[in-house]
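J.: Position chain B relative to chain A; hints supplied.
These protein sequence lines map, in sequence, to chains A and B. FYI, the working numbering numbers position 30 of the first sequence as 30, with every residue one higher than the one before it. FYI, the working numbering numbers position 274 of the second sequence as 274, with every residue one higher than the one before it.
Among the hints, a few may not be true.
Restraint-style ranges between C-beta atoms, simulated for each label pair [stated by the list, open to error]:
id	chain 1	residue 1	chain 2	residue 2	range
1	B	Lys113	A	Lys218	48 to 56 Å
2	A	Ala175	B	Ala103	43 to 51 Å
3	B	Pro36	A	Lys174	24 to 32 Å
4	B	Gly268	A	Asp48	54 to 62 Å
5	B	Lys105	A	Asn217	15 to 23 Å
6	B	Gly318	A	Gly201	16 to 24 Å
7	B	Pro108	A	Lys174	28 to 36 Å
FYI, nobody ran anything at the bench for these hints, they're computed from the structure. Note that beta-carbon positions come from the ideal geometry of N, C-alpha and C, so glycine has one too.
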Amino acid sequence: MNEFVEQLAICVERGKVNKDAPYPPDLKGQDGADELAKKALDQGLKPDTILDGCILGMDRIGTKFSENKAFVPELLMAAKAMTAAMQHLKPYFQSGEVKRKGTFVIGTVAGDLHDIGKNLVAMVAEGGGFEVIDLGNDVSTDKFLAAIKEHPGCIVGMSALLTTTMVNMEGTIKAIKEQYPDTMVIIGGAPVTQSFADKIGADGYSPDPQGAVALLNKKVA
Amino acid sequence: MRQYDRFQNRLTGAPVDRPPNFDIMMQFAAHYIKKPLRAYYQDYRVLVEANVAMVEDFELDIVQAISDPYREAADLGLQVVFPDDALPLSNTPLIQQPGDLAALKPVPPEHGKRMHDRLQAIRLFRERVGGKVPIMGWVEGALAEAADLRGVSTLMMDLFERPEWVVELLEFCCQQALAFAEAQVKAGADIIGLGDAVASQVSPEWYRTYALPYEKRIFDEVKSAGGVARLHICGDTTLILDDMANSGADIIDLDWMVDYAQAAKLYGDNGPALCGNFDPVKIMLQGTPDEVKEAVTYCLDVGGAKNFSCAGCEIPDGTPHANLQAQRDVLREYKSAK
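With the rest of the complex left out, here is chain A (with noise of 0.2 Å):
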């Protein structure tokens, strides 16, 4: 594997954002994501390689998260590295030199301003090599609709934290599924339940954020 590919990854998986960064103590004055993505740049490595280490370092912490290895706050230092690296990148996605699996859109439902699942899931799922559009809390119905229409062919996520703002869940993808059929809708969050994702029409659930990046890598294999 490739050297640099592998620095990078360990950056990721422990949370390394930069050369100042008290955490992890054990990498203290060591290159962070920031540092090593800007040298690799500097250095004529293809930017890929950047993405191809936030895609490793981010799969390895959320495979851990899913064993119950790790924990929600190890899951967001390693997205907060991973942002700081894939920062370098932005320039390449807009010229279109390094490309995205596909584009996934993503929201609370509406009444539920509780992010913190949802953001997980954006982070780990950018850091799978997607193009995430957070439209952020309490998103309505219409918002998704037209977050759809400007972003064809996407996937859509939706979450949940309370059950009394679940049950918003089934009315959004009815409405999604009448206007744009063909589009996946998978949905999570704390009180829901496979069970409960077949009831209301969603095309897939994950109990964890791994789980949901390997919806969306089936769907665009």
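T.: Just chain B now, kept in the frame of chain A:
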């Protein structure tokens, strides 16, 4: 047997005429008496009326002043919006920079509008059902309160980047909780519930470092004031079951993801009483009365002599009345099977 006696007996595993129903009721209760949520969150008289209706119509064995996470935070200065009939909203953290903490001082509960409203609810409960039905007050755990004030994601990263500062924040939140818990017991609460939802999102090691010590201090205060301590951590707490028992809680709520039989076996007859833990959505909201009966019975069968019947978390708004009646019927009949 009165609800209060049923509760006291169950706590020690002494005989009861039927297992007590400790379901958490908030939005369902408000809408049951046809009041908007805004009124439930802001007017203690509505909260009390709704809870008393739950006792009278569904045979709950508790009245509860729990409503939303923002009682303490709002009084500390967090901007909270109350839509007419939806959950309270807060979009901007009160502590945007670590330095903001220095300007905060704990608010005496009687002086805080929202904390005072909860104290008023407890006093009115006392007038209406005191000594007959156990009255539950509520506080945010220090870690949960810190997340309310700082934002969950930011706090989670603070734990890595400025752990010493997080300890200062937790100490501040703990001081607020201690004062609020004590005030509620003095106002007449028999039980103080402590909600620490975010504690299920961190590693067991961090739970022991950043949540458990403060839970223990708050519960020590509750008990020395004469109250019963109830711990409620939403989510899958399987990895911290052992540690939760060290909080000093008399009653431990378990969400539906936890293996109730395994937890009961772990705690044994001398451990805390369990409260749970059928799935509030799949069973209570979406299930049939027969499925409710099966799930409630299973929890009673495996939960031990001290377990309280309860969904894993709040009873969802829109739950069919027939399902709550099914739970009631199981509890009524369960005595004859034992």
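J.: Determine for every hint whether it applies to the structure shown.
T.: Consistency of the hints with the structure:
{"no.": "1", "hint": "Lys113/B <-> Lys218/A: 48 to 56 Å", "verdict": "holds (51 Å)"}
{"no.": "2", "hint": "Ala175/A <-> Ala103/B: 43 to 51 Å", "verdict": "holds (46 Å)"}
{"no.": "3", "hint": "Pro36/B <-> Lys174/A: 24 to 32 Å", "verdict": "holds (26 Å)"}
{"no.": "4", "hint": "Gly268/B <-> Asp48/A: 54 to 62 Å", "verdict": "holds (57 Å)"}
{"no.": "5", "hint": "Lys105/B <-> Asn217/A: 15 to 23 Å", "verdict": "violated (51 Å)"}
{"no.": "6", "hint": "Gly318/B <-> Gly201/A: 16 to 24 Å", "verdict": "holds (19 Å)"}
{"no.": "7", "hint": "Pro108/B <-> Lys174/A: 28 to 36 Å", "verdict": "violated (50 Å)"}
Of the numbered hints listed earlier, those contradicted by the structure are 5 and 7.
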